[in-house]
Structure formats: C-alpha cells, structure tokens
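> Residues per chain, in single letters:
Number of protein chains: 2
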Amino acid sequence: MSGRLVVVGLGPGDERFLTPQAAEALAVAEVLYGYEPYLARVPECPGQTRHASDNREELGRARAALEHASSGARVAMVSGGDPGVFAMAAAVIEAIEAGPAKWRALDIEVVPGITAMLAVAAKAGAPLGHDFCAISLSDNLKPWDLVERRVRLAAEAGFVIAFYNPVSKARPWQLGTAFDLLRGVLPAGTPVMFGHAVGRVDERLAVVPLGEARSDMADMATCIIIGSAETRVVEREGMPPLVYSPRSARAAG
Amino acid sequence: MSGRLVVVGLGPGDERFLTPQAAEALAVAEVLYGYEPYLARVPECPGQTRHASDNREELGRARAALEHASSGARVAMVSGGDPGVFAMAAAVIEAIEAGPAKWRALDIEVVPGITAMLAVAAKAGAPLGHDFCAISLSDNLKPWDLVERRVRLAAEAGFVIAFYNPVSKARPWQLGTAFDLLRGVLPAGTPVMFGHAVGRVDERLAVVPLGEARSDMADMATCIIIGSAETRVVEREGMPPLVYSPRSARAAG
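Residue numbers (our numbering), protein chains in the order written: chain A, 1 to 253; chain B, 1 to 253.
Hints were generated in silico from the structure; no laboratory data involved. All C-beta atoms, glycine included, are put in the ideal place defined by N, C-alpha and C. Among the clues, some could well be false.
Which bits of chain B does chain A cover? Going by a derived footprint, with three or more residues having C-beta under 8 Å, they are [claimed, not checked]:
# : stretch
1 : 17-26
2 : 90-100
3 : 116-125
4 : 136-142
5 : 150-162
One side of the interface only, derived from the structure: several residues of chain A facing chain B at Cβ under 10 Å [to be verified]:
#  : residue
6  : Asp-107
7  : Phe-132
8  : Ser-136
9  : Ala-188
10 : Ala-206
11 : Val-234
12 : Ser-245
Beyond 12 Å from chain B on every Cβ pair, some chain A residues (computed) [stated by the list, open to error]:
#  : residue
13 : Thr-19
14 : Leu-39
15 : Ala-40
16 : Arg-50
17 : Ala-52
18 : Arg-171
19 : Arg-183
20 : Arg-204
21 : Asp-219
Work out the full structure, taking the sequences as your base and the hints as a guide.
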C-alpha cells in the first residue's frame with residue numbers, strides 16, 4: 001500500500017481561519033508531524049500519533065514524515081499560515097528530490113491556508129490591493145546582499161512589500177537596515193503596518209509612517225507590510241484607520 | 001444604529017476553502033452584494049436579500065453596499081479568493097475615502113480568503129516557497145509601461161511571479177508580450193504554471209517551460225505562476241511533477 005503525506009496549512013492561528021479542507025485532512029491522518037506550537041493548535045484525535053519538533057529542523061522533520069508515509073501510513077505535516085509560503089511544503093519537496101526513489105511514489109498533497117500577510121492586510125484594510133511582493137528577511141538561507149537587492153528593486157518597482165521573518169535573536173540588525181534602505185527610496189509618510197500574532201488572541205496591529213518605523217516594533221511573530229508610494233491611510237474618528245493601496249496606478253512607478 | 005459592512009473572501013471556489021470566519025460572516029448578514037457568479041456560490045439564507053452586479057462595476061457596487069450599511073443594515077460584500085488581493089476590499093475603502101462622512105463611521109471588516117496563487121501553488125507543489133510577487137496584468141487601471149517595468153524588475157530581482165487577470169477579450173496581446181519580456185531575462189527552461197479554475201470542479205493545471213509558454217494557454221479564470229531561475233521540477237512516474245522553489249538562494253539573484 002502506498003503511503004500519503006499531506007502538508008496542511010493551519011492559517012494564522014485561531015480555528016476561524018482553518019478551512020474545511022484542512023480540518024478534514026487533519027482528522028483523517030494517522031500521524032501528525034510539525035513544529036510543536038503548530039501541533040498544539042490541532043485538536044487531539046483518538047488513535048492519532050504526534051511527532052513534534054523544533055522550528056529549525058525543517059528538512060529533518062520532512063524526511064522523518066516522508067519515511068513514515070513510505071511505510072503506508074496517512075501522514076499530515078502541519079504548518080502555520082500557508083504551507084507554501086516560507087514554510088514546510090518546499091522543505092518536503094526538497095527532501096523528496098534528494099531522497100530515495102520510493103518517496104517520489106508517495107501520494108503528496110499540499111492544502112493551502114491563509115498566509116500571514118493576508119490576515120495582516122485584512123486587519124489593516126486593503127494594503128495589498130495593488131501589485132505586491134513577499135520577502136523573507138532571514139539571511140539564514142540566502143546572502144544578505146540578495147535580500148537588500150530584492151528590497152530595493154521591489155520598492156523601485158512600486159510593489160507593496162510584505163516582510164516575513166523580520167527579526168530573530170540571531171538576526172537583530174537586518175530589519176533596521178532594510179527600513180533605512182527603504183527610506184532612501186520611498187516617501188517618509190509611506191504607511192508601515194506591524195501585525196503581531198494577527199489571527200491569535202494576542203493580536204496587535206500598529207500603523208506608523210516609514211520615517212518612524214523601528215526594528216524594535218517587530219518580533220518573531222510579526223509580519224510587516226510596507227506600503228508603496230500610492231498607499232493611503234483613511235482616518236476615522238474613534239476607530240483605527242483603514243489603509244489601502246488603490247487599484248489604479250499612475251505612470252511613474 | 002450604526003451599520004456594518006463585511007468584505008468576505010470566498011476562496012478559490014469550492015466550499016472546502018471557505019473559512020469558518022467567512023461562513024459565519026455570510027450567515028449573519030442581512031444583505032449580500034457581489035459579482036453574480038460569486039453570489040451564486042453562497043447558500044441561500046431565509047430573509048437575506050441579494051444584490052448581484054456585473055464584474056466591471058466595482059466602485060458602484062461598493063457605494064451601493066456602503067449606502068445600504070448606512071441605513072443600519074448588516075451588509076456583506078462577497079469577493080472571490082481573498083478580498084484584499086486585486087478584489088473588492090480596496091474598492092470599498094476607496095469609496096469610503098471619497099464618500100460622505102457617515103461611511104467612515106461604519107463598522108468595516110475584511111475577512112481574508114485563500115487567494116488564487118496559493119491554491120495554484122498548492123496544486124503544483126511549492127513554487128512560492130521563496131520570495132515572490134503578485135502582479136495584475138490588467139492595464140485597465142494602470143499604464144501598460146508600468147506593468148512591463150514591474151515584470152522586468154521582478155524577474156531581475158529573482159522573484160517568483162504570479163500573474164492575476166492575465167487575459168481578457170479586451171486585453172488579448174498583453175500576456176504574450178509579458179512572456180516575451182520574461183524570455184529575455186529568465187532561462188527558457190523556467191517552469192510556468194497555468195492554473196485554470198483551481199479549486200473548482202473544472203480545475204486544470206499545466207506546467208510548461210517558459211520557452212513554450214503561450215498566451216492561448218490562459219483564459220480569464222487562469223492564475224499563472226512563473227518560477228524564478230531557481231525553481232525546480234521534480235518528475236514522478238505516473239503522477240504530475242512537483243514544482244518547488246528552494247528555500248535557499250545563491251548570491252547571484
């Protein structure tokens with residue numbers, strides 16, 4: 001019997017964001033793999049076993065799950081947000097490419113989820129209403145020069161920019177450097193949205209102009225959206241502002 | 001009594017993608033607004049009224065919904081995919097900014113959904129596993145020069161690129177021009193994914209090398225993902241290939 005591995009996106013946190021497709025995939029799995037805080041979000045199911053691992057062990061976790069699936073088991077790998085956006089799906093396929101032939105014979109499925117930038121954008125209004133990009137600010141897996149180059153080209157192209165993995169203990173200065181770089185390209189009034197744990201009980205959204213954006217406004221649970229020069233803030237009395245990027249754009253770019 | 005307008009993302013089609021948050025928002029609404037095919041996906045609710053409109057009337061639809069909410073009603077505006085990505089949320093906030101003061105006093109909420117590129121990516125594997133961008137290829141609301149500039153800069157920056165609104169009857173040549181432009185920057189073997197109606201009963205995914213990508217492979221219901229130079233295709237016997245963008249990148253960009 002051929003095994004099955006489903007990589008499941010849980011969305012940003014709360015079960016309100018868990019799609020029926022994802023809930024079903026979790027319910028029928030015999031074995032769950034995942035980073036411990038993500039596994040903890042999944043309701044216990046009788047007879048289901050769980051293998052929790054540390055955040056840094058993505059490839060090892062992928063290999064263990066594939067090997068388990070090869071024994072004929074129905075395995076689910078849980079991932080926060082969308083598994084295809086800076087998350088487990090790429091690690092699983094990378095492991096398949098480098099692994100034994102039997103892993104290519106497995107039934108592999110990726111179940112999408114609400115990725116962090118969509119939840120932060122919804123909370124802020126519609127800052128991703130025009131062309132945008134998503135950049136992981138982590139230089140664990142790519143050189144920092146390349147991150148800087150992408151951030152600069154993205155701002156010059158007029159993209160709204162979402163930063164994933166903006167800071168960590170091992171990467172304390174990168175976000176500040178990226179803000180400095182952006183201040184050289186974009187107006188100081190460009191809105192920057194710091195979405196902390198959006199979709200969870202401790203969610204918090206702050207909107208500040210780029211001129212005042214600081215790296216200590218973010219932590220590991222923050223997704224940041226930087227507007228383009230066209231992004232606007234609509235103030236409302238007694239309520240948070242609505243931030244949006246107009247659907248139309250002028251020629252300048 | 002102050003009214004309420006919720007802009008709700010239905011996801012790519014099938015109700016398997018509809019989040020519990022979106023389902024709840026639709027169930028408690030007294031009035032639904034939306035483009036007709038999206039409204040048709042929402043189960044009928046007793047006592048709920050519906051206002052369907054044509055696809056091209058986004059601002060008018062937004063204004064009608066806001067005016068209705070101003071009367072104290074609980075109104076939901078339905079949107080395909082995620083309402084914040086080339087969809088209704090930006091149109092609603094644009095209308096609020098230009099509209100009467102009472103619209104700013106409304107309770108406005110945006111409920112995120114699975115946007116097309118996430119569904120297409122999940123079907124293909126994990127092509128968005130590294131830095132990526134989303135570009136609307138429509139030049140109805142921005143000059144074509146700006147589209148070309150963004151496509152070129154995105155490819156030069158090494159982003160995986162998702163094209164929304166790739167073609168329409170009124171825009172027959174733009175996609176072919178964009179492919180030609182990309183062929184000048186990216187290797188001919190770069191994988192291009194055409195996701196037609198992904199998440200619906202007639203879904204279809206085709207993966208072709210950039211050298212062979214043609215505009216007649218897309219229609220209005222297609223979302224296209226163009227890999228970066230790093231994106232890889234893992235072939236499998238008797239099964240569709242798995243396409244992924246490795247989490248790590250080399251210095252070149």
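> Now tell me if each hint is right for this structure.
Structure-based check of each hint:
1. 17-26: holds (count 6)
2. 90-100: holds (count 7)
3. 116-125: Holds, because 6 residues of the stretch 116-125 of chain B bring their Cβ atoms closer than 8 Å to Cβ atoms of chain A.
4. 136-142: Holds: 3 residues of the stretch 136-142 of chain B have a Cβ under 8 Å from chain A.
5. 150-162: holds (count 7)
6. Asp-107: 8 Å, holds
7. Phe-132: 6 Å, holds
8. Ser-136: 6 Å, holds
9. Ala-188: With a closest approach of 21 Å, the Ala-188(A) hint is violated.
10. Ala-206: 17 Å, violated
11. Val-234: Status holds, d = 5 Å.
12. Ser-245: This hint holds: Ser-245(A) lies near chain B, its Cβ roughly 6 Å from the closest one there, short of 10 Å.
13. Thr-19: Since the minimum Cβ distance to chain B is about 5 Å, Thr-19(A) lies within 12 Å and the statement is violated.
14. Leu-39: 20 Å, holds
15. Ala-40: About 19 Å separates Ala-40(A) from the closest Cβ of chain B, which puts it past 12 Å; holds.
16. Arg-50: 23 Å, holds
17. Ala-52: Per Cβ check, Ala-52(A) is outside 12 Å of chain B; nearest 21 Å; holds.
18. Arg-171: Since the minimum Cβ distance to chain B is about 15 Å, Arg-171(A) lies beyond 12 Å and the statement holds.
19. Arg-183: 19 Å, holds
20. Arg-204: 17 Å, holds
21. Asp-219: Fine: 21 Å to the nearest Cβ keeps Asp-219(A) off the interface.
Hint compliance for this structure: hints 9, 10, 13 are not met, and every other hint is.
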